[in-house]
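A.B. asks: Given only the sequences and the hints, what does the whole structure look like? Please build it.
Those protein sequence lines, which keep their order, are chains A and B.
Quick note, the first sequence lines up with residues 4 to 219 if you use the working numbering.
Quick note, the second sequence lines up with residues 2 to 318 if you use the working numbering.
Derived from the structure by calculation, the hints contain no laboratory data.
Since the model is a prediction, treat every value here as computed from it, not as a measurement.
Every residue gets a Cβ at the ideal spot worked out from N, C-alpha and C, and that includes glycine.
Don't take each hint at face value.
[Said to hold, decoys possible] Computed from the model, here is a short list of chain A residues facing chain B with C-beta under 7 Å:
1. GLY26
2. LEU176
3. PRO177
4. PHE178
5. THR179
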Amino acid sequence: MKKIILQIVYCVIIRNFLKIFVGVKFDKANFLIENEQFIIVANHNSHLDTMAVMASIPHKIIHKVKPVAAKDYFGKTKLQEKFSNYFINTLLIKRASGIEKGGENPIRQMIKELDKGYSLIVFPEGTRGQPEVMQPLKKGIALVLLERPTIKFVPVFIYGMGKALPKGDGIILPFTSTLKFGVPEMIDPNSDKDKIILTIEHRLQELKDNSFADGI
Amino acid sequence: MEEIFRADYFHKNELLIVVAIILGLLIFATLLFAIIGIINPKAKLQELKARTKSWWVMASMFIVATLVNPKISYIAIAFLSFVAFRELYSLMGFRESDRKAIFWAFISIPIQYYLAFIGWYGAFIIFIPVIMFLFLPFRFVLKGETKGIIKSMASLQWILLLTVFGISHLAYLLSLPELPNFSSGGRGLLLFVVFLTEINDVMQFTWGKLFGKHKIIPKISPNKTWEGFIGGILSTTVIGYFLGFLTPLKGYELVLVSFMVAISGFIGDVVMSSIKRDIGVKDSGNLIPGHGGILDRIDSLVYTAPVFFHLVYYLAY
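C.D. replies: Structure follows, in C-alpha cells:
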C-alpha cells in the first residue's frame with residue numbers, strides 16, 4: 004500500500020508538477036534499477052530538492068529509497084514525523100547540535116537503513132544556503148561509505164531549484180531547472196574520510212561544469 | 002464528446018485541405034530525411050531532423066487547437082506563453098529580490114488570455130503594454146532594491162511583451178467576430194498564420210542551403226543569407242496567396258499580409274538569435290542549463306502573430 008502511495012505521490016503527482024509547472028528537466032535514471040543499493044549525493048538549495056530527486060527515481064524502486072532529512076526541521080511534532088515518514092518516506096536524523104543533547108547517532112541510523120536494504124538520498128551540504136553556491140560538505144556521508152564500502156554513491160547535480168523556491172520564501176515560482184545524474188562509483192575502502200569528501204565534491208563540481216557546458 | 006471536439010472539418014473543406022497539406026508535407030519531409038539517411042549515412046541531417054521534429058510538435062499542437070473546443074485552444078496557447086515566459090526569464094539572471102514582480106508577471110498570463118477569451122479588445126490590447134507596464138515597476142520599487150533595478154524592470158516588461166502579449170494575439174484570432182461569407186473564421190486565421198510562419202522558416206532555410214552566398218547578418222546568424230531571405234519571402238508570399246481561402250482577405254491584401262508575415266518571421270528569428278547569443282556570451286561561452294526548448298520553436302511566431310493580427314484586423318474587421 005505504501006509503495007503504491009509513494010508511486011502515485013512521486014512518480015505521478017510531484018513529477019508532473021515539477022515537469023509541467025516548475026519546468027524541471029529530469030535526467031534519465033533507469034540505470035539506478037541495475038544497482039541494488041546506492042547512496043545519492045546531491046547539492047542542496049531548496050525544499051524542492053528532496054522532491055525532485057525522489058521524483059526522478061524509477062517507480063519500480065521508489066519504495067526502496069529514503070531521503071535523509073533533519074529531524075529538527077521535518078519532525079518538529081509527532082504528527083509531522085508520522086506524515087513525513089509515510090508520504091515522503093524520510094529517514095529523520097538529528098543534526099550535530101542535536102546529538103550533543105543525546106539521541107541516536109545519525110551515522111548509525113543511516114547504516115541501519117542500508118542494512119535493511121534501503122538506498123539513501125543525502126544532501127551533505129547540510130543546509131540549503133544561497134542558490135548556486137556550493138557549501139563545504141559534511142563528513143558524515145564519508146563515514147557511512149567507509150562502513151559499507153560496497154555501496155556505490157551516485158552524484159546528482161540540481162540546478163535552478165534554489166531559484167524556484169529559495170530558502171526563506173514561501174512561493175514556488177516556475178523556473179527552468181535541471182537535474183543531472185552522474186556515474187555510480189565505489190569508494191576506495193583504504194582511503195580516509197577527507198579524501199572521500201574531496202572525491203565527492205570533485206564529482207559534483209564535474210557534473211555542474213558538464214551540465215553548464217552542455218547547456219541542457 | 003461534441004462539447005470537447007469540434008469535428009466539423011468534414012463540413013469545412015478549407016480547414017480539411019490545409020490540415021491534409023500540413024500532414025502530407027511533414028510525412029514527406031520525415032520520410033525524405035530518413036531515406037537520405039539510409040542511402041548516405043554520412044549526410045549531416047541532425048539539424049534538419051531536429052527541425053522536422055519541432056515542426057511536428059508545432060503542427061500537431063495547432064491542428065489539435067483548431068479541432069477541439071475553443072476553450073481548450075485558449076488554454077493551450079496560454080500554456081505556450083507560460084512555457085516561453087518561464088524559459089526566457091530563467092535565462093536572464095534576475096535578482097532574488099525580483100521574485101515578487103516576476104510572480105505578478107506570471108499572474109498576468111491567465112488574465113491576458115481571459116481578456117482574449119471574452120473578446121474584450123480594449124482591455125486585451127492595453128493590459129500588458131499599459132497596465133502591467135505601469136504596475137510592475139511599482140512592485141520592484143516596493144522591494145526597495147535599487148541596484149540593477151533598471152535592467153530588471155526593462156527585461157521583465159520586454160519578456161512579457163514578447164512571450165505573452167505577442168503570442169496572445171493568436172488566441173484573440175479565435176475571438177474575432179464572425180464575418181458573412183467567411184466560414185473558417187478564427188480557426189482558419191490561426192491555422193493560416195502558424196502554417197505560413199513555419200513555411201517561411203522552411204523556405205528561408207531551404208533557399209539559403211541551395212543558393213546562399215551573401216550573408217545578411219553574420220554576427221548574429223551566420224547561416225542567414227540574402228538568397229535565402231529573398232527566396233523565402235517570395236515563396237512564402239506565393240504560398241500565402243494560394244492559402245488565402247483561410248482568410249477573409251482578397252487579392253492585393255493577401256499578398257501584402259503574406260509578405261509581411263514573411264518579413265516579420267525573419268525579424269523574429271534573428272531577434273531571438275541575438276538574445277541567445279547575448280546570453281551565451283555573457284557567461285563566458287557557457288550556456289545556462291535549461292536552454293533550448295520552446296523558444297527555438299516560437300521565435301518567428303512572436304513577431305508574426307501580432308503583425309498578422311493587426312493587419313487582418315485593420316483590413317477585414
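A.B. asks: Check each numbered hint against the structure and report the violated ones by number, ascending.
C.D. replies: Result: no hint breaks.
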